[in-house]
Amino acid sequence: MGEETNTNIVYGASTQITMNDGTTQTVNASQGGGALTVLASENNVSENTILVDPNAATTFNVQAVNGSYYSSGGAVIPAITTTTASVTSSMQNATWHELGHVVYQGKTQDKVLNFDNTTRSIYQSTKMVPTRAPGYDKGASGYKMKAYYSTPLAPRPPDVTHNRIYR
Amino acid sequence: MIIIAMLLSCMTRAQSNDIETNYKEINDTLIISFINTGNDTLQLFSTYFEKPYIFSKVLHKVDAKNKEYKVSFLPLLPYLSGYLTDKLILTDVNKITMVGQNLYSFMEILPKNKIYIKLPLSQLFGNVNEKNNVVKDFDNETINGKNLKDITLSKQKGEFELLFEFAFYTEVNLLVERDLYIESGVKTYEQTKKYEILKLPVTLEKNIPLNFK
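These protein sequence lines are chains Y and U, in that order.
For what it's worth, this note's numbering labels the leading residue of the first sequence as 1, then goes sequentially.
For what it's worth, this note's numbering labels the leading residue of the second sequence as 1001, then goes sequentially.
Hints listed in this document are in silico derivations from the structure and should not be mistaken for laboratory results.
Remember, it's a predicted structure, so these values are computed and weren't measured experimentally.
Possibly wrong hints are sitting among the right ones.
Cut-off 25 angstroms, straight-line C-alpha distance, at most; resulting in silico cross-link-like pairs (PhoX-like, lysine-lysine) [as the list claims (entries may be wrong)]:
1) U:K1051 <-> U:K1024
2) Y:K107 <-> U:K1149
3) U:K1199 <-> U:K1112
4) U:K1114 <-> U:K1051
5) U:K1095 <-> Y:K107
6) U:K1194 <-> U:K1136
7) Y:K111 <-> U:K1194
8) U:K1114 <-> U:K1057
9) U:K1146 <-> U:K1057
10) Y:K111 <-> U:K1199
11) U:K1146 <-> Y:K107
12) U:K1114 <-> U:K1024
13) U:K1067 <-> U:K1187
14) U:K1067 <-> U:K1155
Covered by chain Y, according to a simulated footprint, are these stretches of chain U (three or more residues, beta-carbon under 8 angstroms) [what the hints assert, rightly or not]:
15) 1083-1091
16) 1114-1121
17) 1173-1184
Ideal placement from N, C-alpha and C gives every residue a C-beta, glycine not left out.
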């Protein structure tokens, strides 16, 4: 990775970014659809910042791109070069996605999605749920903890700002 | 002081359908008023009135054939959106031509109402002494990463008329809300193009040499 710049990860709805000239700027996670990244390499700041809103919606729409998008050189024309696609995410997935923007800064942003999708396929959240054994009342010692695993998230398609020509 | 300044300032008018326009120049500021003389609410496209956009040379378009120097506040459609991408550019002036970094914003003008905008001339013409401080006139709908490289203007001679260009929409509901913008697809795309252009010829008292270096 070779990244030497500090990356701050903030969980919340907003945070303040200190610019190199000493001024501050408030950014809201909603600006990026629930999570965002401000890179030092692209902004007048000394550290990278990732902001993830834990309460952001976990399902949202993107403008997915198709082959015509690439052959047109990146023209965004709904129903011709783009279609609306629904994406499911999570707080953990959003964190990985934003880290992808740090790892693949300056590169085509399809790499961010490849990274994101890899974490989607291997990530399985474990949830311990109390399960009542037959013959025992609620609260009795007969409760056992059972592990459940969530289904991996479906892959996210390339969209207008995460594709093989967009940097 | 203000009254004297107003008397000394240049006053002209431009008319475009339901919009009447006046301007005056007070010190470093160009104040432009827009009067909605019609019966429908109008929306003045206003994204580029603020920093960092106001510093962009892309707003300065020269039509060499018609000898026009246009300060164009028309929307650069391929680079505007109803939502931002999650990798934010905060203050870089070049974000004006980056996809996913620029939101549509508008100033509402109710029927029979008037609004003002104030443009700081030293910021708007801040690049006047720099090289390549203006660009060739281009189509705001078809500009893209490839033809953006071809808009460098060679040095020009002669007199040029100074024009300011503004865009007025009547419907913007699909352009200012993330989900609606994405979900409405073709309707959104059509709405982005439905604007009228107002051209305002301006004569500045302040001596700004319109150099094309």
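- Query: Holds or violated: the stretch 1114-1121 of chain U covered by chain Y, criterion of 3 or more residues with Cβ-Cβ distance under 8 angstroms?
  - Reply: violated (count 0)
- Is it true that the CA of K1194 (chain U) sits at most 25 angstroms from the CA of K1136 (chain U)? OK: K1194 (chain U) and K1136 (chain U) at ~24 angstroms, within 25 angstroms.
- Message: Between the alpha carbons of K1114 (chain U) and K1051 (chain U), is the straight-line distance 25 angstroms or under?
- Response: Satisfied, since the Cα-Cα distance of roughly 24 angstroms is no more than 25 angstroms.
- Message: Tell me if the straight-line CA distance from K111 (chain Y) to K1199 (chain U) falls inside 25 angstroms.
- Response: violated, 44 angstroms
- Message: What's the verdict on K1146 (chain U) and K1057 (chain U), does the C-alpha distance respect the 25 angstroms limit or exceed it?
- Response: Within the cut-off at roughly 18 angstroms; holds.
- Message: Just to be careful, I want the Cα atoms of K1146 (chain U) and K107 (chain Y) compared with a cutoff of 25 angstroms; is the pair within it?
- Response: With Cα atoms ~18 angstroms apart, K1146 (chain U) and K107 (chain Y) stay inside 25 angstroms; holds.
- Query: Within 25 angstroms, alpha carbon to alpha carbon, are K1199 (chain U) and K1112 (chain U)?
  - Reply: holds, 20 angstroms
- Query: At a Cβ distance under 8 angstroms, does chain Y reach at least three residues of the stretch 1083-1091 of chain U?
  - Reply: holds (count 9)
- Message: Given the hinted pair K1051 (chain U) and K1024 (chain U), is their Cα-Cα distance within 25 angstroms?
- Response: Holds, at roughly 22 angstroms.
- Keeping to a limit of 25 angstroms between CA atoms, is the pair of K1067 (chain U) and K1155 (chain U) held or broken? This hinted pair holds, its Cα atoms lying about 13 angstroms apart.
- Message: So if I understand the rule, the pair passes when the alpha-carbon distance is 25 angstroms or less; does K111 (chain Y) with K1194 (chain U) pass?
- Response: violated, 36 angstroms
- Query: Does K107 (chain Y) lie within 25 angstroms of K1095 (chain U) when you go C-alpha to C-alpha?
  - Reply: holds, 17 angstroms
When held up to the earlier numbered hints, the structure conflicts with 7, 8, 10, 13 and 16 and fits the remainder.
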